[in-house]
Structures are given as C-alpha cells and as structure tokens.
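S.K.: Let chain C serve as the given structure and place chain X on it in line with the hints.
Heads up: the protein sequence lines correspond to chains C and X, in order. For the first sequence, the positions run 212 to 326 when our numbering is used. For the second sequence, the positions run 8 to 513 when our numbering is used.
A few of these clues could be false.
Taking beta-carbon pairs under 10 Å as the criterion, some of the chain X residues facing chain C (in silico) [to be verified]: (1) His252; (2) Thr256; (3) Pro257; (4) Ala260; (5) Glu278; (6) Asp283.
Below, a sample of chain C positions facing chain X; criterion: calculated Cβ distance under 8 Å [to be verified]: (7) Asn213; (8) Arg219; (9) His284; (10) Ala287; (11) Leu308; (12) Leu311.
Hints in this document: simulated from the structure, not taken from any laboratory. On a predicted model such as this, the values are computed, not experimentally measured, just so you know. Think of the CB as a built atom: it goes at the ideal place given N, C-alpha and C, for glycine as much as any other residue.
Residues per chain are reported as follows:
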Amino acid sequence: MNRDMLTRRLTRRGYAVDAAGDGEEAVSRAGASLPDIVLMDLNLPVLDGFEATRRLKSAEATRAIPVIALSAHAMAEDRERALAAGCDDFDSKPIDLDRLLRKIQGLLGPKAPAP
Amino acid sequence: MSAAGPISDARAAAPASPSVPAPAETRSVHPIVRLDYFVRIPAAFVVFLVMGSIYLPQRRTGLILALVVLYGLVWPHAAYFLAKGSRDSKAAELRNLLIDSFMIGVFIALASYSLLAALAFLTSVNAANLSVGGVRFSLKGVLALIAGAAAASLAFGFRVNPDSGALTSAFSIFAIVCFTTIFGLHSHLQTRRMLRTKQAVQEQKIQIEEQSRQVEQARAAAEEAREAAEAANRAKSAFLANMSHELRTPLNAIIGYSELIEEEIADGNPEDLIADLQKIRTSGKHLLRLINSVLDLSKIEAGKMTLFVETFDIAQLVAEVESTSAALFSQNRNRFVVQCDPGLGSLKGDVTKLKQILLNLLSNASKFTENGEVSLRVSREVDADGNGIVFRVRDSGIGMTPEQSAKLFQAFTQADAATTRKYGGTGLGLALSRRFCQMMGGDVTVESTLGKGSVFSVRLPTDVGNEEGDATSIHRVNFRALVEEEEKRRGALREKQQPPQNPARG
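Bound conformation, chain C alone:
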C-alpha cells in the first residue's frame, strides 16, 4: 500500500510513475521503459532491492539511470550497504516527501517537473 501511496503522491506532482511489485519485475520494467529515475525499495520479494540495483547497474541500457534506495532500515550501515550495491542515494521511511523530492530533483536536474 506504500507503493500505491507514493505513486499517487508523485503523480500529483507531475511525475509519470510506473510501479513494480517485486525486484525481478522492477528490473525488467526499467529495462523496457528506461525511466529517468528509479526509487528502489530494498525489501522486495523474489529479488531484493540490493540485487535488483546491482542488475540495473550492470546492464548497459540501465546503467546510467539514477537509483534512490528506500528502506525502513534507517541505520548508517543500511545506507552504506545500499550505496555499496550501486544506489546513487538513500532515503529512509517514513518518507518525508519534500526531502525525497529534493533528492530526486538533485539527481534529475532540469528533467524534473517544476515543484
């Protein structure tokens, strides 16, 4: 339900959101639609967020897409693990939307919808 909530909140701010239910689906959808940015939950079924990020970052087509990790694990070591897996940034839950948007805009630059 958090996926649904985040999808709606980002859509309201002018983003086109394509959501996936598990890590494997996320990798195949990202490969097909080549989004501008990926928000990766680290605790995903089938294939977890760490492995999904590794796959995105090792594939030629998706390597350049920035990935922001999202996790309810908020310890410093969780952030480090995420960055080590190839994530470009990390945000912890509960999500502070303004903070997340700043991170998205920081990675997207002019491509981001106007706030």
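M.R.: Relative to chain C, chain X alone:
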C-alpha cells in the same frame, strides 16, 4: 699430603665472603659436624675398649695407652670445637675425618693387624668417610689410614698377629655391630626424610596444579560472562534496530496517507477517502499490537511478566476459544474442527495467556490455509516430562520448509518477505506464545511440510506454576533464550536483509 687440597680451597674461598660475621658462622655449623660428634664419642670409646683389651693385660707401653686414652676422651670434643670454630665447618670436619683415618691406621698397626680389630676399625672409618665425603674422599681416608699404620710401625715396630683374644674379638664384633647400626640407621632415617620431602613436594605440586586449574576455571567463567554480556548487548542493539524498522513501516503509511488525504482535500477532489482512512487505521492498530507485544517481550526479558495462575476447566476454555475464533475461519472458507478427549478435567495455569496462545495459533492456521481444514485437538498425554495436556493446532495450509520452521519462534522473524507482504503479522506472536508457554513450564513445537500444512503443539504440565521459585527460574531461562535467539538472528541479519513486517503492504 693430598688432604691439604680441600682445606686450602676452603681457606682460599673464605675471604670471598668477609662481610659474613663470625658468630653467625659458628652458629651455622654444618649438620655433619654435630652428627660426627655424637658418633665419634662412642666410637672413640669402642676404640679405647678394643685397644685396652689388647694392651692392658700386657701392662706395658704406657705411651700407647696414653695415646688411646687421649684419643678416646679428648679427640671427639677437640674435633668438634675445631670444626665449629672453623670458617668452613664442613671442610674442617673432612680434615677431622682424615685425622681419624690416620689415627685408626695407627691403632690397626698397634693392634698388630689383629684381623677382627682391623676389620672393626676399617669398617667404621671407611663408612664414616664414605657417608660424609663420598668415594674420592674415602680413598683419601684409606691413604691416611695406610700412612697412620706405616707411621705407627716405624715408631713402635712392625708386628703382625692376626689372631686376637676373646675380649678383643668381642669388643671388635661389638664395634662392627655398633658402626653398621649407626650408619645403617642414619641412612634409613635420611631415606625416610627424603621420601617425606618427595611426598611433600608431590603434594605441593598437586596443590599448585589444583590452584592453577581453579584460576583457569575462574578465567574461563569470567570470559564466558564477558561473552554473554557482549552477546546480550549485541542482542539489544539488534532488537532496537529491528524495532526501529518495525515502527517505521506502519508510520510510513500513516504519515504518507494522512498527507495525501490532506493534499487531496485541499485540492477539493478527494478520491477513495474511506479506503485511505482504513489503511491509516489498520497501520495504527498494527502499531499498537506491535508495541504491546514488544512490551510483553521486554517484561518477560526483565523477569517482570507475572502469571495469574488459577485452576480452570479445560473443556470450558476450549469452548470459549472455539466461539471466539469462529469468525477467523469464514474469511478463507476453512472448516474448523474441535476434538476433545473425554474427561480432560482441569489445568492449573494462566488461562488468559493460554487463550492468547491458542488464538494466535488458530489465527495463523486460518491465515495460511484456504478452502482447507483447521483442527484443534486436546488430549491428556504422558511423556518423558510427566503428565501433560497437549493442544494441537493442525492446518492443511501452505506449510513451511525446515529452514523456515527453525527460525519461526524468533522475534521479528517470519517465514520470508513474501509471507509478510501477503499475510501480515508482527513477527512477534509465536515468539511470545513460546515464552508464555515456557513460563508455564511447557513449550510450543512445530512440525510442518511445505504445501501440506503444519501442526503446532502446545504442551503444558498438569500442575503448572505451583511454586514461586519455579516461575523465577523460568524467567531466567527465558531471558537466556531471548539473548541466544537474538544472537542467532543477528547472524542471519548479516547474511540477508530482514523480511519486513508490514501487514498491509500488498
């Protein structure tokens, strides 16, 4: 003379320790000196007897008799004081023994080499020399003895008469017996002392070994305590990290949906308001359950969870559980079967906790089973632990792998992430159920086959929580179990990200 060697050695060595005061030296006389003194007095007397028996009947050679009397009465004391006054009493005593040997040589010659007398003298002086100075010294003694005999032969004439009179023979034999007895006894006593010392050393060695074993044990105990403390500390940290995660997940939904609804209402076109509010409420309730469970766990951990022990009717409890849980089964279209052995009687325990345990198991069973059957079977059974009541909750649901079963009772652990997404739950229910059960002296166990279903067995002894002392010891066991489980879980954490426990995620 060869005997001069050790004497001059001793004198040469003496100035090396000039700081040692003289009185201390006289006091620290070598034990050999005193021993020889007490041997020399009777020895000289025996010499006097033997020589007297030869010369007194002859009524001549007053010089020789004077020599014998002098040797018998004066020499032992003179020898003692000479040695005592010397800086090196042992060396002085050795010199005295050489004088003895020389004098014995003289007496042997004067006794005309009488066989028995010579034998008596030689035996005694040789035994003394050997025991005090060793083999080389005894050879020196023999040389001194030969010198003495030669000197006496030169001075008084060389006469040989191996025979001896009856009195001389008797005294000689007496002398031999005396000396062999003295030295034999001395040797015996020394051997005994040595054995006692050896035994004492052995005992000390055993004592030291025992002490070092105790020290090692204490060190090992301290190390174990340190490791346990560290494990408990790590367990606390891991528990807090998990708690943080568990609280953040529902809070994410509550905060996110609240903000979303707020935005939508501000825009004037709220969509799906009721569904979103329900999600907030579900997350809030989940949070409350989580906090209550964590509080229960921490109460158990701190040994502050108390049982309200009472005697209750088992059939009545089952009936209550059956009516409370009936609603659970309609959701997944499951059949619920209750089977009670006749004459179950009553049980002593915390009926509220037991109801909580059974409802938790039944709720799990119905959650993981669709269009199947859930059964509760209660029976009175006897096993290794004695008489007990067993509550079996069996389902025909999805079941688990042995790996999943193994970590099922650990806090914040569910079968896997997918299970949590699909079925929800706090991940604390089974951990709590097991601990409540253990507090009542029983346990919860699981048997499961993937795809076939699971059986959870709650076993309680028929006389639960009789004594206060028992309850306390159970608390302690539980605390240790918690630490161990947290420790194991921490190990698992390192390998793989923990499954989230978001109930309404999917």
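S.K.: Hints broken by the structure, by number, lowest first?
M.R.: 10, 12
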